[in-house]
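**Student:** Single-letter residue listing:
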Amino acid sequence: MGELKLRETPFLTGRAAGPTPLNALGNNVLTTQIDKVINWGRSSAIWPALFGLACCAIEMMGAVGPRQDISRFGSELFRASPRQSDLLIVSGRVAIKMVPVIRQVYDQMPEPKWVIAMGACASSAGMFNNYAIVQSVDKIIPVDIYLPGCPPRPEALLDAVIKLQRKIRGEPLVKRPA
Amino acid sequence: MGPHHPSTHGVLRVRLKLDGEIVRDADADIGYLHTGFEKSFEDKTYTQGITFSDRMDYLAPPINNVGFVSAVEKLTGVDVPPRAQAIRVIMMELARVSSHELWLGTTGLDLGVYSGFFYAWRDRDLALDLNEAYSGVRMMTSFTRVGGVAWDLPDGWLDQLQKFIDVMPARLDDFESMLTDNPIWHQRLKGVGVISAQDAIEAGVTGPVLRASGVNYDVRKAFPYCGYEQYDFEVPVGQNGDCYDRYRMRVAEMRQSLRILQQAVDNLPGGPWITSDRKVALPPRSELSKSMEAVIHQFRLVSEGFKGPVGDVYAFVESPRGELGFYLVSDGTNKPYRMKVRPPSFCNLQSLRKLVQGVLVADVIAIMGSLDFILGDCDR
Amino acid sequence: MSVNPTDTLVQRLGDRFKTAVQESSDFRGDLSVVIEPGALVDVARYLKAEEGFDYLLYATAVDWPARDPRFTVVWEVRSLAAKTRIRIKTTAAMPDPHVPSLTSVWTAANWHERETWDLFGIKFDGHPDLRRILMPPTWEGFPLRKDYVSFGEPVIFSDQKLEGLEPDAIRG
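Protein chains in written order, with this note's numbering: chain A, 22 to 199; chain B, 70 to 449; chain C, 945 to 1116.
Extracted from the complex, chain A is given alone in its bound form (with noise of 0.2 Å):
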């Protein structure tokens, strides 16, 4: 058995060890966890679907708008078609009529897709206590987040999405929780 000897100089790593192949790339390479990478991905570039139903729309349609600019967020386009998108921003209150028509549009967006509850409507019904609205859009569809607001700013929309993004890049990659 060698006996231990102390190095007279110390063990050098990163960049100070000299050039080895990674170390050459120097700053220009990242590691990280792949759940990392693909939740920032995917949080960075949310494209809702249009589903504007009532006011919460309007105020949606504000969010686009030049003042608060929701394309700075990642949401440079709302897509219409549900194949195509990731979010879906139940704006508005939920008729009885229109409950299969949300399922069949959430149903048919690809995963991983979210669903915001924008406005007070769709988080509880809002005002509308009676026959024909849906008390809250979470009995038909998963909801992540929860809008208040009656209808909620643009600004709360944003928040809301800032929110959101936060959750997907705390997401695991493999099972996503329903």
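The hints are simulated quantities; they were obtained by calculation from the structure and are not laboratory data. Note that this is a predicted model, so its numbers are computed, not measured. From the three backbone atoms N, C-alpha and C, an ideal C-beta is built for every residue, glycine too. Just to be clear, a hint being listed does not mean it is correct.
Lysine-lysine pairs mimicking DSSO-like chemistry, simulated, CA-CA at most 30 Å apart [to be verified]:
#1 A:LYS184 x A:LYS160
#2 B:LYS290 x C:LYS1027
#3 A:LYS57 x A:LYS188
#4 B:LYS113 x C:LYS1067
#5 B:LYS348 x B:LYS359
#6 C:LYS1027 x B:LYS423
#7 B:LYS86 x B:LYS423
#8 B:LYS423 x C:LYS1067
#9 B:LYS376 x C:LYS1090
#10 C:LYS962 x C:LYS1090
#11 B:LYS113 x B:LYS423
#12 C:LYS1090 x B:LYS86
#13 C:LYS1067 x B:LYS404
#14 B:LYS348 x C:LYS1090
#15 C:LYS962 x C:LYS992
#16 C:LYS992 x B:LYS290
#17 C:LYS992 x B:LYS404
#18 C:LYS1090 x B:LYS113
#19 A:LYS160 x C:LYS1090
#20 B:LYS359 x B:LYS376
#21 C:LYS1090 x C:LYS1067
#22 C:LYS962 x C:LYS1027
#23 B:LYS348 x B:LYS404
Selected chain A positions facing chain C (Cβ under 8 Å, derived; list incomplete) [unchecked claim]:
#24 ILE117
#25 LYS118
#26 ASN150
#27 ASN151
#28 TYR152
On the provided structure of chain A, position chains B and C as indicated by the hints.
**Tutor:** This is chains B and C only, laid out in the frame that chain A set:
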């Protein structure tokens, strides 16, 4: 077509019978936003119903508010002081401008004018800021009360409004320079969706659509309310009844609205902003510490509201979509017995079937856009 | 003071249709007449053709459960040229309420009558296409009748006890 469709302006479903690209028949299927407003009105007092009335035609909520209280005021015979009338006119015309702006933006968006949407929202945000400064809410203002308006104008609000009035004509010129002589716009809209004056009257159409067909009928001129007779403005009337004329109507209406706004600001009367009839309107808070009667009135009004006489009335206002009417039946209690809303969008949409026969599918979108209906108003 | 045109209108209606005009009123400037259902279409045709009421505003109904006949069906029409309005009312009784349809006189009545059928259950005889318009086509019941209970979900307050309530009512 629809109800989830980018161009149906809400959740409208239209079943089109097509022959290639040409439409042979259309059946509009509404009800995807039916909210039971009329049933809800029946178990709310008159004042509570005001917040509900905002959500019907949600592009111009102040106009719904005024319509609703007009019906109650007609029933009870309450007077509205001149300052309140002027404030109502200001808010209504602001709503008209912001609604038409949004119409321009979204109809343009349907037809491919993507930048128009951003121009429209730039201007609409200014109007919504004014709404917010006055009532605290950008859209659903609920600013009227029976007998007047809820609050007086805050300090500096009129200056902000003046800035809006000064800035808007140039912005409307921007829009017009982009669209009015644009050959693509002409091709999409000229000659499309023509409805003759006779057919329009037969179909029960009101608003810019009726005026574009040549019928000079505007509630503000024909049956003036809220003091509209004192303001000097024109009602634009078209000739051809096609989508292009409807576009011209709405832009001209916006300019006239700015004119009315300027006059209202210049001639704003002083005085109370709500009636002094304590049976109907809350007393000012300063009176509560001095007068027992005021406390009793406050208590009764807040806890049970006021009772109206037995009878039925129909009151109507000019919304950006047409004639918005409220038929109120009262049985002498503090709640409406039946509040029927005569929605302009419902009536205008009836004419869709006739308008789209024989046109291309792309024209259906232009026609639906030019009818300017709102499903919240249509379905209630 | 000039003769009020609406007074004479009621007189003319009364002369022409005699007993079919059951009552008339002028409340807050709104003229309304109650017509017997059988004569309704004739009165409507007369109003359109000879009195110039060319523009239908709306049609609806009012439910008076304590009265018999239970429903009052209302149409309001306007004369654009003369700037007058008249409200035509008639009644419909349970168990099978039905009134003649006025779509043959004013085509704009089409959707309004469909809506009245949908929300009240009043049939309009002669309507070309009477089906539900606002509620889903398979809906049962007529929402705007007074005996139709409207609430969507009972509201649970935080100090209420949760035991004994149905599972669906407890939403956490």
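**Student:** Taking the hints in turn, state whether each one holds.
**Tutor:** Verification of the hints:
1. A:LYS184 x A:LYS160: holds, 22 Å
2. B:LYS290 x C:LYS1027: holds, 11 Å
3. A:LYS57 x A:LYS188: Judged against 30 Å, a Cα distance of about 12 Å means the pair holds.
4. B:LYS113 x C:LYS1067: holds, 29 Å
5. B:LYS348 x B:LYS359: With Cα atoms ~18 Å apart, LYS348 of chain B and LYS359 of chain B stay inside 30 Å; holds.
6. C:LYS1027 x B:LYS423: holds, 27 Å
7. B:LYS86 x B:LYS423: Satisfied, since the Cα-Cα distance of roughly 13 Å is no more than 30 Å.
8. B:LYS423 x C:LYS1067: The hint holds at about 25 Å.
9. B:LYS376 x C:LYS1090: holds, 20 Å
10. C:LYS962 x C:LYS1090: Outside the cut-off at roughly 33 Å; violated.
11. B:LYS113 x B:LYS423: Violated - the C-alpha atoms of LYS423 of chain B and LYS113 of chain B are around 39 Å apart, more than 30 Å.
12. C:LYS1090 x B:LYS86: Answer violated: LYS1090 of chain C to LYS86 of chain B is near 39 Å, above 30 Å.
13. C:LYS1067 x B:LYS404: Holds, at roughly 28 Å.
14. B:LYS348 x C:LYS1090: holds, 28 Å
15. C:LYS962 x C:LYS992: Given pair LYS962 of chain C, LYS992 of chain C holds - Cα atoms ~18 Å apart, limit 30 Å.
16. C:LYS992 x B:LYS290: It holds: about 24 Å lies between the C-alpha atoms, which stays within 30 Å.
17. C:LYS992 x B:LYS404: violated, 35 Å
18. C:LYS1090 x B:LYS113: holds, 14 Å
19. A:LYS160 x C:LYS1090: At roughly 28 Å apart (the allowed maximum being 30 Å), LYS1090 of chain C and LYS160 of chain A satisfy the hint.
20. B:LYS359 x B:LYS376: holds, 26 Å
21. C:LYS1090 x C:LYS1067: Holds. LYS1090 of chain C to LYS1067 of chain C sits at ~18 Å (cutoff 30 Å).
22. C:LYS962 x C:LYS1027: Distance ~26 Å between LYS962 of chain C and LYS1027 of chain C Cα, so the pair holds.
23. B:LYS348 x B:LYS404: Holds - the C-alpha atoms of LYS404 of chain B and LYS348 of chain B are around 15 Å apart, at most 30 Å.
24. ILE117: With Cβ-Cβ at 6 Å, under 8 Å, it holds.
25. LYS118: Holds, about 5 Å.
26. ASN150: holds, 5 Å
27. ASN151: holds, 5 Å
28. TYR152: holds, 5 Å
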